[in-house]
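Asks: Given next are the chains, with one letter for each unit.
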Amino acid sequence: MSLSKLVFRSMKKNMKHYYLYFFALIFSVTLYFSFVTLQNNAEVLATVQKSGTATAGFEAATYILYFIILFFVLYANHLFMKRRSKEVGLYQLIGMTKGLIVRLLAVENILLFVGAVILGMTAGFFSSRFFAMVLLRVLEKEALVTMTFSTQALQQSIVVFAILLVIVLAQMAWMIQRVSLLSLFSASKQADERVKRFSPLQMMIGFLGLVLIAYGYYASTKLFDIESTGNLFVNMIIILASTIGGTFLVFRFSVAFIMNSVRLKKNGHLSVHDVLALTPIMHRMKSNAKSLTLITVLTGVSLGVTTLSYIAYYSSEASAYSQVPGDYILLEDNGQEFLQTLKQNNIAYNKVDYRLQAVTASVAQLLPKDQKDSPFYNMKGTIYTVPLSDYRQSVPEASMSGNDVILTNYGGYMAEMFPLEKDHDMVVTVGEHEETFHVIDVQDKSIISGIVTAGGGGPIFVVTDKLFEKLAKYSNESQWHKQTSITLKSKEDLALAEKLYRQSGAGVISSIDSEGETKSYKQASFEGKRKENIETLGITIFTTAFLGLAFLMTTGSILYFKQMSEAEEERGSYTILRKIGFAERDIMKGIYMKQAFNFGVPLLIGLLHSYFAVKSGWFLFGTELTTPLWIAMICYIALYAIFAVLSVGYYKKVIRESL
Amino acid sequence: MAVLIGRKVKKVYGKKSTAQEVLKGIDVEVNKGEFVGIMGPSGSGKTTLLNVLCSIDFATEGVIEINGQSLRGMKEKALANFRREQLGFIFQDYNLLDTLTVKENILLPLAIGKLPKAVAESRVKELTHLLGITDILHKYPNEISGGQKQRTSAARALITNPSLVFADEPTGALDSKSATALLKNLQSINEAKEATIMMVTHDAVAASFCTRVLFLKDGLIYSELYKGDKTRQAFFQEIMHTQSVLGGDGYES
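Going down the list, the sequences are from chains A and B. According to this note's numbering, the stretch in the first sequence is residues 1 to 659, in order. According to this note's numbering, the stretch in the second sequence is residues 1001 to 1253, in order.
Please keep in mind that the hints were generated in silico from the structure rather than gathered at the bench. Heads up, the beta-carbon is just placed ideally off N, CA and C, and yes, glycines get one too.
Examples of chain B residues lying across from chain A (beta carbon under 10 Å, computed):
no., residue
1, Leu1079
2, Asn1095
3, Asp1098
4, Glu1121
5, Leu1137
Please take these sequences and the hints and turn them into a complete structure.
Replies: The structure is reproduced here in structure tokens:
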């Protein structure tokens, strides 16, 4: 029989094994090709080229995607080779040289790759349109996406997968060269480990794993605390190392340790669950610990990154509002023409005027007492005051007397990192004048433009009118004196109002600062600011979500592949169980437990990891934590559940066939 | 009293065009307390008969009753329950679960049932004592010898006090010393506990431990030998003789 005949025969025979690997390949090609095609799509290019960072982001994402794919395909190939070890051993036994076997498998692999690349590109071509639509939708752009076949994308993908093929072939050749005939036959059995008695040392290590994770979590909550000393970077490395190391120890020792103690308590009288879930998991922990750790960490990282960028995207409206608290903000006496044109066009609006007066104060005096040593404590800055009567226009129930003040407008990451306390006294100065404020409340309601507070979310004092008048005597010390907030009564007028705003040039403001210099500012409208945020963050969320999806699909598939081969390895056990009188349903009960563990535990620990990672620094990215975090987590849980259900289906099939 | 009755049991494999009749209508009856051996050349249908009788496989035709209960028409779940509660199995390749200790393997059939722990514990004690495996209860199958594995498997088959124990070539993978030890164990359990055992073997020595031996040829019962009051040695000779008459690949092991 010629070599090519043998290749076709064995491929036909091995269809069942191939389809897993083949699917992995097709999937990778689809992802990659659609991503590259997307970048060459005319509509997307037009949108993206406006921002320079986006193209760089796309490029970086392409590299990351390629590494994900590389890792995934190598893993699938490894698994696939392990499954076929018997076949390879047989070839060797009948006298084929290793070189010939490598050539045989190389031909198979090349055929598979060519098939996968063709199929994957077809699928990728169609899915790229879908992704392009998603991207434009995220960017709130309305454009018709046409399907264009990009030769550039084609070339790039072919080159990339040709390189991948070479790497895979090298891996395969290396695997075949390395193993001896004897070990080929027992390759699938190597993984089994007999758990015997547990030494106290292993118990200690198992416990240590839990401690390490707990420490990492604890340290992560302290990461951005102001009193934390030391290098931020070093701290992050320590946290990463302790959680990842802890995860490995948990999988390697703690799980088996806990299960073993449960098992010993039963003294031989095991239930169906124990037989089908507990003992196999326990015995496989040694070989599975590494891959489970990897999967857990990857899940955690990708979920964390996705969540953070989603937080940024999700908060784009809120952060725009903290910069521009109102549909339009007019400072000083700018933009009167704009108001006139609004009237001419019959656009109804609400108008709130705030008088402003700057004072010099050290807000850090409102920090909790234990942070007195902080270098921020005595840092002075300019903070604006607003009279109570103006403030009441938006908060009618506000009231105070004497030197009482409300600190408001304080939000964003400043508020998260430096939480201020009420019921403190603080000394403020304006010119030569000195005044003692008593802060009765700290609020985060945005009222004043980010231009006035030097960045969105800067603090503002609300003072009594009497006090304000006293301070306003020094109005020449103050750069800003008046802010007018315009809110449209009907959102339907927004488009027209936006046009008028741009035409009137009300956004360009010039002002004389306290040193007498004229400075010009650009005050965007709320809608303009929001759009700007969405455009810059939209690309980020899209690429991270895309990569997150790729990560998730690969980790999910790997778990699924692993379960497939585990099911095959345990087929014999199911046969025994069914012969001695366990019904399919009894066995499935145990399988549900087992799959809940196999998918649930990596997911759960991954979710916890990402939760603490996100929690430690989310405020640097946006203003909303809960909703984006939940949405991202639910997406992950749902996709994992799909893989879990698929694997349960596979087990069901194996068990049914086993008798 | 008959524990097992098979009437006109037929088994056909394959589709109509390629149909192959492996069992061609076998009548068999096993009484309580009997130790029945089934012998025959390779391909005579021994294992198929056993599988069909023990409900692991379905008969194409014919009636099979165990303890007066017909297997035909029973659902998968009911069959499984029936196997677990009424039958015990010993297989050539032990069929122990590698991930369980000897004791856990023995108690496996009770994992679903609701037998009180104390009762189960005392049964384990009794059986392991009879089979001489009390010292290895906490070892894993890969730490013990083949003979010990097969005795573990026997203990597992007997733990539910089954009406009938099926043994498929139980000595096939054992050396002659462990094989004899196991057979002696089975014999003594057969006598002491009145356990009914049906054993497929092609080893005449193994068959000589039985009280009755059936010979199968080409899917039919060819002849039947009773041990009666004969010594094991005499019975062995008789079996050898029948086997040589049977022809083919008579003596295999």
